[in-house]
Each structure stands twice: as structure tokens, then as C-alpha cells.
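Read off the chains here:
There are 6 protein chains.
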Amino acid sequence: MATVTLISDEGASPDVKAVFDDIRTTRGGDFINNFWRALAHDPALLRATWDRLKAVMGPGELDPLTKELIYIAVSVTNACEYCAHSHTAAARAKGMTDAQQGELLSVIGMASQTNALATALQVPVDEAFKA
Amino acid sequence: MATVTLISDEGASPDVKAVFDDIRTTRGGDFINNFWRALAHDPALLRATWDRLKAVMGPGELDPLTKELIYIAVSVTNACEYCAHSHTAAARAKGMTDAQQGELLSVIGMASQTNALATALQVPVDEAFKA
Amino acid sequence: MATVTLISDEGASPDVKAVFDDIRTTRGGDFINNFWRALAHDPALLRATWDRLKAVMGPGELDPLTKELIYIAVSVTNACEYCAHSHTAAARAKGMTDAQQGELLSVIGMASQTNALATALQVPVDEAFKA
Amino acid sequence: MATVTLISDEGASPDVKAVFDDIRTTRGGDFINNFWRALAHDPALLRATWDRLKAVMGPGELDPLTKELIYIAVSVTNACEYCAHSHTAAARAKGMTDAQQGELLSVIGMASQTNALATALQVPVDEAFKA
Amino acid sequence: MATVTLISDEGASPDVKAVFDDIRTTRGGDFINNFWRALAHDPALLRATWDRLKAVMGPGELDPLTKELIYIAVSVTNACEYCAHSHTAAARAKGMTDAQQGELLSVIGMASQTNALATALQVPVDEAFKA
Amino acid sequence: MATVTLISDEGASPDVKAVFDDIRTTRGGDFINNFWRALAHDPALLRATWDRLKAVMGPGELDPLTKELIYIAVSVTNACEYCAHSHTAAARAKGMTDAQQGELLSVIGMASQTNALATALQVPVDEAFKA
Chain A
5 MATVTLISDE GASPDVKAVF DDIRTTRGGD FINNFWRALA HDPALLRATW DRLKAVMGPG
65 ELDPLTKELI YIAVSVTNAC EYCAHSHTAA ARAKGMTDAQ QGELLSVIGM ASQTNALATA
125 LQVPVDEAFK A
Chain B
5 MATVTLISDE GASPDVKAVF DDIRTTRGGD FINNFWRALA HDPALLRATW DRLKAVMGPG
65 ELDPLTKELI YIAVSVTNAC EYCAHSHTAA ARAKGMTDAQ QGELLSVIGM ASQTNALATA
125 LQVPVDEAFK A
Chain C
5 MATVTLISDE GASPDVKAVF DDIRTTRGGD FINNFWRALA HDPALLRATW DRLKAVMGPG
65 ELDPLTKELI YIAVSVTNAC EYCAHSHTAA ARAKGMTDAQ QGELLSVIGM ASQTNALATA
125 LQVPVDEAFK A
Chain D
5 MATVTLISDE GASPDVKAVF DDIRTTRGGD FINNFWRALA HDPALLRATW DRLKAVMGPG
65 ELDPLTKELI YIAVSVTNAC EYCAHSHTAA ARAKGMTDAQ QGELLSVIGM ASQTNALATA
125 LQVPVDEAFK A
Chain E
5 MATVTLISDE GASPDVKAVF DDIRTTRGGD FINNFWRALA HDPALLRATW DRLKAVMGPG
65 ELDPLTKELI YIAVSVTNAC EYCAHSHTAA ARAKGMTDAQ QGELLSVIGM ASQTNALATA
125 LQVPVDEAFK A
Chain F
5 MATVTLISDE GASPDVKAVF DDIRTTRGGD FINNFWRALA HDPALLRATW DRLKAVMGPG
65 ELDPLTKELI YIAVSVTNAC EYCAHSHTAA ARAKGMTDAQ QGELLSVIGM ASQTNALATA
125 LQVPVDEAFK A
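Protein chains in written order, with the numbering used here: chain A, 5 to 135; chain B, 5 to 135; chain C, 5 to 135; chain D, 5 to 135; chain E, 5 to 135; chain F, 5 to 135.
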């Protein structure tokens, strides 16, 4: 039901196979989720997207679970069905508890609400907030 | 330039003043930002919004800074100008470093990009992701 | 600061002038707001947009104020700054009271919140809701 | 297919059961739609969301059907699939006619279009619109 | 699973049938996609939408395929599932190659990313960009 | 008014200066727009964003102007004020005529409208559209 067919391991070109291999090595498992199999229709876009994802979501100043929570927040606000599923699953795999998920949802709900109110009211930015 | 006038301390009704007082006590400072001064046109909405915000953003399973980062992620995705400013300022006040802000932006940018790709491709949700 | 210059009455071509005249007659006033002066760069788009707006927002099954409230709800959710201002002004001109505006904001805030929650949770549609 | 399992009546904790009971009493029926069964994973969020929804959507300055139309407008603009279904069903239950639904859609379509045009043109807000 | 039932050829009123006939003549085929069958519940909205679509997407300064690519870009950003499918199919019918689709996705992904960054950073508009 | 200060040429670190130099060489001019000066707070994000932008917007299957039109379509739908300005300016620099801009706006407006209608109606995807 994608707008392209999904690329199986058998149908993967060498360029695609190289990315699939890197995903498997990086994640330590055999599973390649459908996003990459759909993106594989354009090997250059697949490579650029995976390389950047690996760099962005890797170790840094923010811990990996925090990054996943931020990713979920953006995905939900963009109404991305696939991404809500895939990044919720990823957050669970990185240790998100039920209580943390509940708080994440509470913050997302709160922000969505006050975003709409601030926009409706066209609140002018306080001088104190300017960098 | 708001769609309502802002309520000053002098113009605040007792119900509004009670919320302003609670904001000051909770935050430990005199500053009331414009969002609350605009919302004060509807004292019941002001009260409900503030009470909920205080509950949601208070201590819990996620630390206060993580909650602010999630708040920023939602606000940016909703293109809320005021909220991008106010919650970036709030995150800084809670200790967000330049390096953390850079990673936050990187994750928001990455998620925005893959959200669009997943939606364009209409990627079907993997069985493995279903709860 | 628009991405096009605004068309003054003096700079209006006959096609543009005809639309401006119809706006003035329909609204019973001389004021032409900037939206139409910007759109006037493309007389055909100006004409199509105005004709459709006049038909949609005119008398019907829903009263004119209700239509404006719906218009505001969409505009706020789309984060359209200009539209939040112009349609709030239009709603006031059609009789929106402060109390009604407060309830409008409350509903918009509530919907924004539950929209995000339903998307985050990927709630399956109940059989009972299907047409 | 939700990102959480749905809570049945049998699986409901006392806190959840209390909210379910209130939903049934308020709505005068036995049906609990999936949104609440998903949200029930976090009893505090369930309670806060339901209490606020009941207050916001209850009797006030705007009639209940008008509130539902506004709710639909926000939900559609946020691309919330579940919410489009559930609030269209709710509006019908509150008396929305086919003709009213047609006008609602016409206003939503019109607003979506002019929102995009105003944003593309970056139309400056008229002085006359400022509160 | 639509919020309305779909109107079949047999169930079409004369007004609806006239639009269906025009769609068939214009497109040179018998197929009427579900969008029009759902919209047919409001014959006036069906007529207005089809007439405008025909005018906008017809021959002009931009070639038909370019128009479809723009349509896909908007639809994806609005997270419109149906529209992503229908306009991707339309673009293919108008000659979109796999390589063009890959570039389209790359641009959509890039724009989504920098849009989020510019909003997060609240970058002030350069004087040089003002019309 | 950005959420960060803008980095001047004098304040640029060697890593930032290298990107600024590449922007100047690639574009054949001295002007560095504010987006890059804001992004320069995170040299790694600046580098990754610029490198990707250069690759995506360069010569390919779609001509540079078509890519800019797609970029504008996404930016407008995301309500990105800065991006609407900067990419409209870029499209003009690449030869966009007034008539082409009018058609671009017409398509964006049309898509915005039918996106909302398709979502409101929750139109099921036609079998014929599936890849």
C-alpha cells in the first residue's frame, strides 16, 4: 500500500545492500523496517538519510532515549502515522517505561494546546525572551 | 499586536490576580510573560491552562529540561513563533547548553525530514511495531 | 514585507478594480484589506478566490458567525498569522462576544490536545463511527 | 494497531473505571470509544483529559453543535484520522444535517486555501485588524 | 470507511452525473476516483471543486507534471494520505520517472528539515529578500 | 529576534568560515543570508545542512526552478515565514515569472483545499492508486 513497492533483500542492488548491511550492523539485528525498504528505490537518498540518521541519533550531549522522545514529539505533531509507530517502538527498545510514555504524551498534549492558544491570540514575543 | 489587549497587573480581576500570584510563587520571580496576560481575558481558561501546565511540567519520570525539549519540538513543528521563543528561553533557564540545543535542532530536523519521506512513500507499518 | 508589492487602487487594472468594487459593495465599506491587495498580482486568482469566498461565507445552513469561528479554527491550526488577525476581526464585526471568543479558544485548545493524543496513540477507529 | 493496547472494562483499574463510569453517565449510554480505552494506560492523563473535555464541550455561550463543528475543523487541519471520524459522528449525533456538513466542508476548504495564499504572500497584517 | 458513503453512478443525481461526465471527458477514461464520489454528497461543492481543479491544473505557464509535483509536495506536508496516493498516481500517469520521484522526495525532505530549523531559530528575514 | 545571535564573518570559526566560503563560491556572490548565520552556532549542523542542500538543489532530473517551486510549496504548507521569503527570492533569481508565481499559488491553494476535503471525508484510497 506504499506509493512504491518495497525492496526485498533479494531485490537490493549492491548500493542498497551496503546500507542494509550497515543498518544491521549498527542495530545489531537482522530486521530492516519498511521505511528503508521503501526509501531503497532511490539508493542515493537511502544512503544520505541513513548516514545522517546514524550521526544524529548516535551518542552525544542528549541521551539516546531523550532523542527518541523528541523524535516522537515531532512525528506526532506532523501526523506521521508510520513514524508514530516506529519511533514509539524504538523508544520502548531504548527503555521508555509506561510512566515515561504517559508524561511524554502529557507534554505533547500540553504543548499542542498552548501552541494553538498562543497562535490564536497572536501573543507578541516578550523582550525578555529575545536572544 | 495580539488579537486581544494584554492584561496588566492593575487591570487584573481577583481571579486573574490569583493565577498571576501562583505563577510568581511557582517560578520564584516577578515576571509574567505575555502569554498569560493575553489568556487572562478568559479567567477560567487562564486558570485551567496554568493549573494543567504546572502539573504536567513539574517533577516526574522525565526531568524538567527533557520536558522543555519535547515542548520545543512540538512548538517548532506547529510553527508557533511565540512558543519557539518562550520555550527556548525556558530551556536555557533550565540549563540547556549550546551543544544540547544543537542536538535538539538536529533531531527536529531529522524527524521533520523522515516524517515527510514516510508520508510521501505511505510506508505500511511493520507488524513488528504493533503493540 | 509581503513577497509581492501591494496593489493600490491607483495601480489596479480594470479586472482588479472590478473585484475591489465587488468587495466594497458586498461588505458595505471602502476598506480593502491587504490580502486582496497582495492577491491582486494575479487578477484571475483574485477573482476566483473572491467569488468562491463570497459564495461560501454567504447566507446558508450555518449562520455567518459560526462560519467565521470555523474559519478561525482552521487558520489557527494552520498557524496563519495574517488569517488569525483578519478572521478574528471579522468575527468581532459579526458580533462575536468576549465570552464566545473564550469558548472558541477553549475548544481549539482541547481539540489540538486530543488530536495529538489520538495520533500519538494511533487509536483505531471504532466500528460505530464508520458511515 | 494502537501504540498501546486498549483497556477493556475488565482490565480497568478503579481510577480508570471511575472515569469510564462518568463518561457513561454524562453521555447516557454504555459505549466507551477507543480513544478513552487507549488513554486509560495513564489514569491521570485520562482523568485530566476527560474532565477538561466535559467542561469545555458542555453548555455555554456556543451551542454544542457549533463546538463540534469547530472541533472537526481543528481535527481535519491537524490531519487526525481518528478525530475526523469520531467528531463527525459526534456532530451527527448532535443533529448536524448533510447540508450543514457540506457548508462546514466548504468553509474548511476555503480557509485552507486562503491560509496557504496568505502565508505564501506573507501579507502584512492591516492596522485596522489590530486589537 | 469514509465519513460519508460513496456515491455510485447509479446513485448520482443529475447535477452529480454532469460533473462525473465532465471528469470522464476531460480525463479521457471511465474511472472516477473515490474523492469525487465522496464529495458528491454536496453537488455544489463537487461542482465548485472540480471546475476550479480543471482550471488550475490545465495548460498554463507551468507544465502539467510540474503542477503535480507541487501538488504532491503540499499533500505530503499536510499529511494527506489519500492525496499522497492519488497525486503520486497522477504524476506517474503524466510521465514522472523514478529518478524524478527520487529528486522530488529529496527536495521535500530537505525543505521539511530547513523549515523546522528556520522556525526553531526564528531567523529574521533578510532585507534583501523583501519585495 | 532569532533564538540565537547571528554569526558575523568576523565571529566565524574556521569550520564556519569554510562553509561560508563554499556558499559564496557556489552561489557566485558575497551575500550569506541569515539562515546560515543562525545555523552557524552549530558548525556540524551547518556543514551537514549546507552539504545536503547543495547536493539536493543542484543539477539533476528536475530543473533548478522546479525544485525551488517544490521548496516553496513545502515551506508555505509548513507556515515557515522565513522560508516563504527566502525561497520566493531564490525562485525569482532562478527566473520565476509573475505568471508562474500566480500558477504556483493557484496549485498550492487548490491542493490545500482538496487535502482538507479528503481528510475531512476520510476518503478510502482507490485500488487503482496502489503501487
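The reader is advised that the hints may include incorrect statements.
Chain copies aren't distinguished; within one or between two, either way the pair holds.
[Stated by the list, open to error] Listed below are the simulated DMTMM-like cross-link pairs for lysine to aspartate or glutamate, each with C-alpha atoms no more than 25 angstroms apart in a straight line:
no., residue 1, residue 2
1, K98, D26
2, K98, E14
3, K58, D34
4, K21, D67
5, K58, D25
6, K98, D67
7, K98, D19
Derived from the structure by calculation, the hints contain no laboratory data.
Verification of the hints:
1. K98 x D26: For K98 and D26, the Cα distance is within 25 angstroms only inside one copy (19 angstroms; across copies 36 angstroms).
2. K98 x E14: Answer is neither; intra-copy 30 angstroms and inter-copy 30 angstroms both fail.
3. K58 x D34: within (17 angstroms within a copy, 34 angstroms between copies)
4. K21 x D67: neither (29 angstroms within a copy, 30 angstroms between copies)
5. K58 x D25: within (13 angstroms within a copy, 27 angstroms between copies)
6. K98 x D67: both (10 angstroms within a copy, 17 angstroms between copies)
7. K98 x D19: Classified as neither: same-chain Cα gap 29 angstroms, cross-chain 29 angstroms, threshold 25 angstroms.
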